[in-house]
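Visitor: Here are the chains, one letter per residue:
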Amino acid sequence: MGNVQKPSERRGRGKWISTGTPAFLARLILGAIFIYAAIDKIAHPQAFAEAVYKYQILPEFLINLTAIILPWLELCIALFLILGIWLPGAVFLSNFLLVCFFGALVFNMTRGMDIHCGCFSVSAGGSNHAPMAWYVTRDSLFLVPAFYLFYRIFGFSERHA
Amino acid sequence: MKPSAGNRIVLRTLLQSGAFIFLAIAVGLLTNQLRPDKLSLVSDWSMQSQLAEESGLQDRGMLISMEEAREAFLSKKAFFLDARPKELYEAGHIKGAWNLPSEWADQFFDKVMTEIPMDAMVIAYCDGESCSLSKDLALYLFFRGYDNVRVLVNGWSRWLEAGLPVTKSTDVGAETGGRGENGERAKAE
Chain X
1 MGNVQKPSER
11 RGRGKWISTG
21 TPAFLARLIL
31 GAIFIYAAID
41 KIAHPQAFAE
51 AVYKYQILPE
61 FLINLTAIIL
71 PWLELCIALF
81 LILGIWLPGA
91 VFLSNFLLVC
101 FFGALVFNMT
111 RGMDIHCGCF
121 SVSAGGSNHA
131 PMAWYVTRDS
141 LFLVPAFYLF
151 YRIFGFSERH
161 A
Chain B
1 MKPSAGNRIV
11 LRTLLQSGAF
21 IFLAIAVGLL
31 TNQLRPDKLS
41 LVSDWSMQSQ
51 LAEESGLQDR
61 GMLISMEEAR
71 EAFLSKKAFF
81 LDARPKELYE
91 AGHIKGAWNL
101 PSEWADQFFD
111 KVMTEIPMDA
121 MVIAYCDGES
131 CSLSKDLALY
141 LFFRGYDNVR
151 VLVNGWSRWL
161 EAGLPVTKST
171 DVGAETGGRG
181 ENGERAKAE
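In the order they appear, the protein sequences are chains X and B. The end of the first sequence is residue 161 by our numbering, with every number in the run present. The end of the second sequence is residue 189 by our numbering, with every number in the run present.
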């Protein structure tokens, strides 16, 4: 495995690169998730802007800017995660974004809003789309590799500081 | 004094995060400028603006105020259409309203709209300030030839707040695309 390091390499820049197969797989999974998410948003900016609007969380002046910039941020993070470069920044931002997305979903679910239409719904079932509960479960699964990498990057360095 | 390892990683993380964000802003803005379907940096996301843009009727508002909707209801001048899914409609709707969920508009169009004249005032509503169902339904009807179709934004919540007549559908005739109550006329009465 190309990213496996000898203990002697865990100094300077090298120590930021997580070691072992689990961390490598976590980086690949997280990177693939972010690439998949980013490509569709980059291809359809108007649709993504409407999706952001329907969350009813951001102020109006930030909706289009978010739709323009966020997908590229996701793509940058994904590429750097996969390549194993600048991992502290990539892991921190990926965790930050996933926690924000998760929080937005839960927030809308608790206030009974269906994010597909931006409308209120009596249940988490939404309309004829996948239920909101499914999205919450899916996003919580995305957090698993993200939290693992966060622990590997930041937990590791504190213990060895 | 050299920074500790903890401080170094915090500093490194912040610098790298800043670089990612800067890169994303630069690439995002640049590619947006270059693409034919570019987004304006700031848009008017009001329902009126969305309706005007999507219908092509810049000079005509498709929105209806609560006061106008109330008048239309009391004077029986309008047909009310609930654009929400069947379950929500059954849980409660404007008295006399029909259920035509925007997602099923094509399928149930004939069933619901045959009794509604093309020149009649039709008021579509759903629930929530950003709810797109009533807008989608209104645009669909507009492009099917209903010229006098209006949208009551956040209609269900506002109707409840105003204390205007509502009803539930617990009996026959409440299927999707059906009337609100058995034997109830579509037009507000």
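Derived by calculation from the structure, the hints in this document are not laboratory data. Computed from a predicted structure; not experimentally measured. Here a beta-carbon is modelled for each residue, glycine too, at the ideal position from N, C-alpha and C. Each hint should be verified, as a subset may be incorrect.
Calculated lysine to any residue pairs in the SDA-like style (CA-CA distance at most 20 Å, straight line) [unchecked claim]:
1) B:111 - B:121
2) X:41 - B:111
3) B:76 - B:165
4) X:41 - B:35
5) B:76 - B:95
6) X:41 - B:43
7) X:41 - B:31
8) X:41 - B:21
9) X:41 - B:22
10) X:41 - B:41
11) B:86 - X:115
12) B:77 - B:117
13) X:41 - X:98
14) X:41 - X:70
15) B:76 - B:160
16) X:41 - X:112
17) B:168 - B:87
18) B:86 - B:72
19) X:41 - B:37
20) B:86 - X:70
21) X:41 - X:61
22) X:41 - B:30
23) B:38 - X:65
24) B:38 - X:61
25) B:86 - X:112
26) X:41 - B:45
27) B:38 - X:44
28) X:41 - X:102
29) B:76 - B:118
30) B:38 - B:52
31) B:95 - B:162
32) B:77 - B:166
Not close to chain X: a few residues of chain B, all C-beta gaps over 10 Å, as computed [stated by the list, open to error]:
33) 17
34) 25
35) 52
36) 65
37) 110
38) 119
39) 132
40) 143
Visitor: Compare the structure with each hint and give your call.
Guide: Cross-check of the supplied hints:
1. Straight-line distance between C-alpha atoms of residue 111 of chain B and residue 121 of chain B comes to about 18 Å, which keeps the hinted pair within the 20 Å bound.
2. The suggested pairing of residue 41 of chain X with residue 111 of chain B is violated, with an alpha-carbon distance near 37 Å, which exceeds 20 Å.
3. For the suggested pair residue 76 of chain B and residue 165 of chain B, the alpha carbons sit about 13 Å apart, so the restraint of at most 20 Å is met.
4. The straight-line distance between the Cα atoms of residue 41 of chain X and residue 35 of chain B is roughly 14 Å, inside the 20 Å bound, and the hint therefore holds.
5. Distance check on the hinted pair: residue 76 of chain B and residue 95 of chain B sit about 12 Å apart at the alpha-carbon level, within 20 Å; holds.
6. Annotation: proposed proximity of residue 41 of chain X to residue 43 of chain B holds, straight-line Cα distance about 18 Å (limit 20 Å).
7. Distance check on the hinted pair: residue 41 of chain X and residue 31 of chain B sit about 13 Å apart at the alpha-carbon level, within 20 Å; holds.
8. For the hint linking residue 41 of chain X to residue 21 of chain B, the alpha-carbon distance of about 17 Å falls within 20 Å, and the restraint holds.
9. Using a Cα cut-off of 20 Å, the hinted pair residue 41 of chain X and residue 22 of chain B holds, with the two alpha carbons roughly 19 Å apart.
10. For the hint linking residue 41 of chain X to residue 41 of chain B, the alpha-carbon distance of about 16 Å falls within 20 Å, and the restraint holds.
11. Simply put, residue 86 of chain B and residue 115 of chain X have alpha-carbon atoms about 18 Å apart, close enough for the 20 Å limit, and the pair holds.
12. Straight-line distance between C-alpha atoms of residue 77 of chain B and residue 117 of chain B comes to about 12 Å, which keeps the hinted pair within the 20 Å bound.
13. Distance hint between residue 41 of chain X and residue 98 of chain X is fulfilled; the C-alpha atoms sit about 16 Å from each other, no more than 20 Å.
14. Only pairs whose Cα atoms come within 20 Å are accepted, and residue 41 of chain X paired with residue 70 of chain X is accepted, the gap being roughly 9 Å.
15. Under the criterion of a C-alpha separation no larger than 20 Å, the hint pairing residue 76 of chain B with residue 160 of chain B is consistent with the structure, at around 19 Å.
16. Distance check on the hinted pair: residue 41 of chain X and residue 112 of chain X sit about 25 Å apart at the alpha-carbon level, beyond 20 Å; violated.
17. About 11 Å separates the Cα atoms of residue 168 of chain B and residue 87 of chain B, which keeps this hinted pair within 20 Å; it holds.
18. Restraint check for residue 86 of chain B and residue 72 of chain B: the C-alpha separation of about 24 Å exceeds 20 Å, so the hint is violated.
19. The straight-line distance between the Cα atoms of residue 41 of chain X and residue 37 of chain B is roughly 13 Å, inside the 20 Å bound, and the hint therefore holds.
20. Straight-line distance between C-alpha atoms of residue 86 of chain B and residue 70 of chain X comes to about 35 Å, which puts the hinted pair past the 20 Å bound.
21. Taken as a hint, the residue 41 of chain X and residue 61 of chain X pair is honoured in the structure, with Cα atoms around 19 Å apart against an allowance of 20 Å.
22. Note on residue 41 of chain X and residue 30 of chain B: the hinted pairing holds, with a Cα-Cα distance of about 16 Å set against a maximum of 20 Å.
23. A hinted pair counts as satisfied when its Cα atoms are at most 20 Å apart, and residue 38 of chain B with residue 65 of chain X qualifies at roughly 12 Å.
24. Using a Cα cut-off of 20 Å, the hinted pair residue 38 of chain B and residue 61 of chain X holds, with the two alpha carbons roughly 16 Å apart.
25. Among the hinted pairs, residue 86 of chain B with residue 112 of chain X is consistent with the structure: their alpha-carbon atoms are about 16 Å apart, no more than 20 Å.
26. Proposed proximity of residue 41 of chain X and residue 45 of chain B is supported: the alpha carbons are some 19 Å apart, at most 20 Å.
27. For the hint pairing residue 38 of chain B with residue 44 of chain X, the CA-to-CA distance comes to about 10 Å; that is within 20 Å, so the pair holds.
28. Annotation: proposed proximity of residue 41 of chain X to residue 102 of chain X holds, straight-line Cα distance about 18 Å (limit 20 Å).
29. Proposed proximity of residue 76 of chain B and residue 118 of chain B is supported: the alpha carbons are some 16 Å apart, at most 20 Å.
30. At most 20 Å may separate the alpha-carbon atoms for a hinted pair to count; residue 38 of chain B and residue 52 of chain B meet this at roughly 19 Å.
31. The hinted pair formed by residue 95 of chain B and residue 162 of chain B meets the criterion: a straight-line CA distance of about 13 Å does not exceed 20 Å.
32. With a C-alpha separation of about 17 Å, the suggested pair residue 77 of chain B and residue 166 of chain B falls inside the 20 Å cut-off, and the hint holds.
33. Annotated as non-interface, residue 17 of chain B brings its C-beta within 10 Å of a C-beta of chain X; the closest such distance is 5 Å.
34. For residue 25 of chain B, the non-interface assignment is contradicted: its Cβ lies about 5 Å from the closest Cβ of chain X, within the 10 Å cut-off.
35. In this structure residue 52 of chain B is separated from chain X by more than 10 Å, as the shortest Cβ-Cβ distance comes to about 16 Å.
36. Listed as a non-interface residue, residue 65 of chain B keeps its Cβ farther than 10 Å from every Cβ of chain X; the least gap is roughly 20 Å.
37. With a cut of 10 Å on Cβ distances, residue 110 of chain B stays outside the contact zone with chain X, its closest approach being about 20 Å.
38. Its beta-carbon lying about 29 Å from the closest one in chain X, residue 119 of chain B satisfies the requirement of being farther than 10 Å from that chain.
39. Listed as a non-interface residue, residue 132 of chain B fails to keep its Cβ farther than 10 Å from every Cβ of chain X; the least gap is roughly 5 Å.
40. The beta carbon of residue 143 of chain B sits about 19 Å from the closest Cβ of chain X, which is more than 10 Å, so the claim that it is off the interface holds.
Checked against the numbered hints above, the structure breaks hints 2, 16, 18, 20, 33, 34, 39 and satisfies the rest.
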